[in-house]
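Protein chains: 2
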Amino acid sequence: MSSLRVGAIGGGQLARMMTPPAIHLGLEFKVFAESEGSSAALAATQVGDYNLVEVVADFAKTVDVITFDHEHVPLAVLENLEASGVSVQPPSKALAFAQNKLHMRQRLSLLGLPMPAWSEIKTAEELDAFIAQQNGVAILKTPIGGYDGKGVRVVRASADASDWLQNIENFGGSLLAEEKVDFVRELAQLSARSTNAEFAAWPLVETQQVDGVCSVVIAPAPRSTGALLERTSEIAKTIADGLGVTGVLAVEMFEARDGRILINELAMRPHNSGHFTIEGSVTSQFEQHLRAVLGLPLGSTAMREDYAVMVNLLGVDENNTFVEHFDKAMARHKAAKLHTYGKAARRGRKMGHVTVVSDSLDFALAEAKGAAAVLLQGI
Amino acid sequence: MSSLRVGAIGGGQLARMMTPPAIHLGLEFKVFAESEGSSAALAATQVGDYNLVEVVADFAKTVDVITFDHEHVPLAVLENLEASGVSVQPPSKALAFAQNKLHMRQRLSLLGLPMPAWSEIKTAEELDAFIAQQNGVAILKTPIGGYDGKGVRVVRASADASDWLQNIENFGGSLLAEEKVDFVRELAQLSARSTNAEFAAWPLVETQQVDGVCSVVIAPAPRSTGALLERTSEIAKTIADGLGVTGVLAVEMFEARDGRILINELAMRPHNSGHFTIEGSVTSQFEQHLRAVLGLPLGSTAMREDYAVMVNLLGVDENNTFVEHFDKAMARHKAAKLHTYGKAARRGRKMGHVTVVSDSLDFALAEAKGAAAVLLQGI
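If you're matching them up, the sequences are chains A and B in order. Read in order, the letters of the first sequence correspond to residues 1 to 379 in my numbering. Read in order, the letters of the second sequence correspond to residues 380 to 758 in my numbering.
Be a bit skeptical, because a hint or two may be false.
Pulled from the structure, derived: some chain A residues nowhere near chain B, Cβ distances all over 10 Å [stated by the list, open to error]:
| id | residue |
| --- | --- |
| 1 | Gly48 |
| 2 | Ala132 |
| 3 | Arg223 |
| 4 | Asp327 |
Here are the in silico distance ranges between beta carbons for each label pair [what the hints assert, rightly or not]:
| id | chain 1 | residue 1 | chain 2 | residue 2 | range |
| --- | --- | --- | --- | --- | --- |
| 5 | B | Leu608 | A | Val47 | 47 to 53 Å |
| 6 | B | Pro601 | A | Glu198 | 33 to 39 Å |
| 7 | B | Ala606 | A | Val184 | 49 to 55 Å |
| 8 | A | Ala331 | B | Leu607 | 26 to 32 Å |
| 9 | A | Ala76 | B | Val589 | 54 to 60 Å |
| 10 | B | Pro453 | A | Gln377 | 42 to 48 Å |
| 11 | A | Val210 | B | Glu613 | 44 to 50 Å |
| 12 | B | Gln425 | A | Gln106 | 50 to 56 Å |
| 13 | B | Glu577 | A | Glu324 | 17 to 23 Å |
| 14 | B | Glu613 | A | Gly48 | 52 to 58 Å |
| 15 | B | Thr617 | A | Glu198 | 48 to 54 Å |
| 16 | A | Lys61 | B | Val589 | 41 to 47 Å |
| 17 | B | Leu608 | A | Val154 | 57 to 63 Å |
By construction, these hints were calculated from the structure, which means they are not laboratory data. Heads up, the beta-carbon is just placed ideally off N, CA and C, and yes, glycines get one too.
This is chain A alone, in the form it adopts within the complex (with noise of 0.2 Å):
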């Protein structure tokens, strides 16, 4: 054996992240990207359509293991890949729970664990029903291919959700509504659990929102008691047994307001809420993941330091690369982190992430904050 080959579907900036562990560990990392000039790029092997059952296993046969920088694959390519003998982590099966937040819900009630009240929705009735429960609102979402924010909606009668409602056979038939959580604070834990079945846990973070997308990660999250994060370990150990999880998963989690801690949503790779391990964790998420996936112990998730921040930089118009301002944010942010993704410049695109990893809280907030204002501004 001369080295493990891992390859990850998707050319996005987690694939492009796992590719410093796998040069590090000294494996061999392939990238399958949707397109040239993916953010992963550098690792890219090949260049096509996903959804494509020959190509991706054409794909596979390149490599030992076949995971993911996002759950868009569908189900059936993964299923022909499996019959056919190839290791994909996470499985199809766990996979099936990410890819359907109905059927993650209907999952982890049989698992007995804690949720925000949720309806399946098959028509505007039980829609109103839901909503008239739950004191006049309700959070209303598609079962499939959502993420940050898209794919989710405050409702406060059917008619907020007409056009999904008429169109619901484009959603497998049913919609999800969900109690609108009063909720002090969300909170992620981040956990890996391998092909042999070791869990590891990373200490749970506190996550800041902005418009529905991850906009500060504080890490472990501030006032947090013994017990509270000896739960939320114990949540993700339940869900990543319980639903044959391999490599990262996130759980996205409220904390409400009558002190419930309720599952949000589940991610089942490295994820936004982990990008703080990379300075701040003994294992970042992204060596875990290779290590998870390949069945190979995982890593200490010890913090480095006390404390570490991640403040995320999203894209301000389509001229600012964040490179410009370089200069002026490592001058005068010596502690700063920066990350770019390489991807062309959007606005409300993740193009980057700055962390910065102390002993200070406050210090660290101040650093990172202050060097994504500049990145992000120029000033």
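Chain A is already provided as a structure; the job is to place chain B on it using the hints.
Frame of chain A, contents of chain B only:
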């Protein structure tokens, strides 16, 4: 400006390890490799002979700055690039001192820096006279081409070097004789100087060599007084400024039994004594080198935790690529960061390294040496 482009000549592990920070920062990083399948193959955009002016000039057209994985590119090639307006960092006039140990000794003497006694040797008589002056033993070096203990010999009479003396024109007409320093340990001072003359030093480290090859690095060097740390940093700054070095500069030194700090060798590139910075420092030597040669502000060189220990993985035979032992090494040593360079296995070859960062030096030493032992011997 959409991205900054750095080109490195040489496809070894140093160029390989420049790739991850280039990915993170969002730089375009291109490698001019000697052959296909090099350690830095992932970033290689050209394969060719770096002795050929036209070939290197073609490569230089694709980047904003040229830097190096090694110091073997002929000065004439670099002077030619510079004459045509290419930014070469470090510049040829600095690199000249890294390529020729005799010129280095002459220049550092002019700067008044502390060195072992040394002498330029052109004849057997001169060598015997120097040996007599040094109480019967001296170190003899070929001024060019030596590294990792090659081109270095202990001599007690000119007869020990008759082969070199008879072919002295092969070494530019001179050899370099030096005092055989009675040292208690070896130290290395890593630093970087940008094209804007900004300077930053990492903490002084202790390097332990076996058969002339770096084996273990401890950062910071234990039992070092504040005065020593200041002194070695000042020595590095004097050299970097005095020789016009850009990028990373490693100054290898002896701590003599009589207390003297004496400069041994210089390297003008990321260096084995600085691999610990990947995980141990806020800014790694590889990121700092990229910043420095691009004229970007330098990053913090602070330690992430109190100590970092790096242990080299030298090839044991032609079969062990370490991958076979990943399972055991990772299971037993969860805090160890494993690095393998993707090179064909060969006895004595630098094939990888292990780093452990910790607030306990004892733990870091045991964990790093433990992981290395598993990878090397499978036990």
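Outcome of the hint check:
1. Gly48: At roughly 20 Å from the nearest Cβ of chain B, Gly48/A sits farther out than 10 Å, so the non-interface label holds.
2. Ala132: About 50 Å separates Ala132/A from the closest Cβ of chain B, which puts it past 10 Å; holds.
3. Arg223: Holds: least Cβ distance 25 Å, greater than 10 Å.
4. Asp327: At about 6 Å from chain B, Asp327/A fails to clear the 10 Å cut-off, so the statement is violated.
5. Leu608/B - Val47/A: 47 to 53 Å: Taking Cβ atoms as reference, Leu608/B and Val47/A lie about 51 Å apart, which means the hint holds.
6. Pro601/B - Glu198/A: 33 to 39 Å: holds (35 Å)
7. Ala606/B - Val184/A: 49 to 55 Å: holds (53 Å)
8. Ala331/A - Leu607/B: 26 to 32 Å: holds (30 Å)
9. Ala76/A - Val589/B: 54 to 60 Å: Holds - the Cβ-Cβ distance for Ala76/A and Val589/B, about 56 Å, lies within 54 to 60 Å.
10. Pro453/B - Gln377/A: 42 to 48 Å: holds (46 Å)
11. Val210/A - Glu613/B: 44 to 50 Å: holds (47 Å)
12. Gln425/B - Gln106/A: 50 to 56 Å: holds (55 Å)
13. Glu577/B - Glu324/A: 17 to 23 Å: The hinted range 17 to 23 Å holds for Glu577/B and Glu324/A, with Cβ atoms some 20 Å apart.
14. Glu613/B - Gly48/A: 52 to 58 Å: holds (57 Å)
15. Thr617/B - Glu198/A: 48 to 54 Å: holds (51 Å)
16. Lys61/A - Val589/B: 41 to 47 Å: holds (43 Å)
17. Leu608/B - Val154/A: 57 to 63 Å: With a Cβ separation near 59 Å, Leu608/B and Val154/A satisfy 57 to 63 Å, so the hint holds.
Hint check: a violation occurs at hint 4 only; the rest are consistent with the structure.
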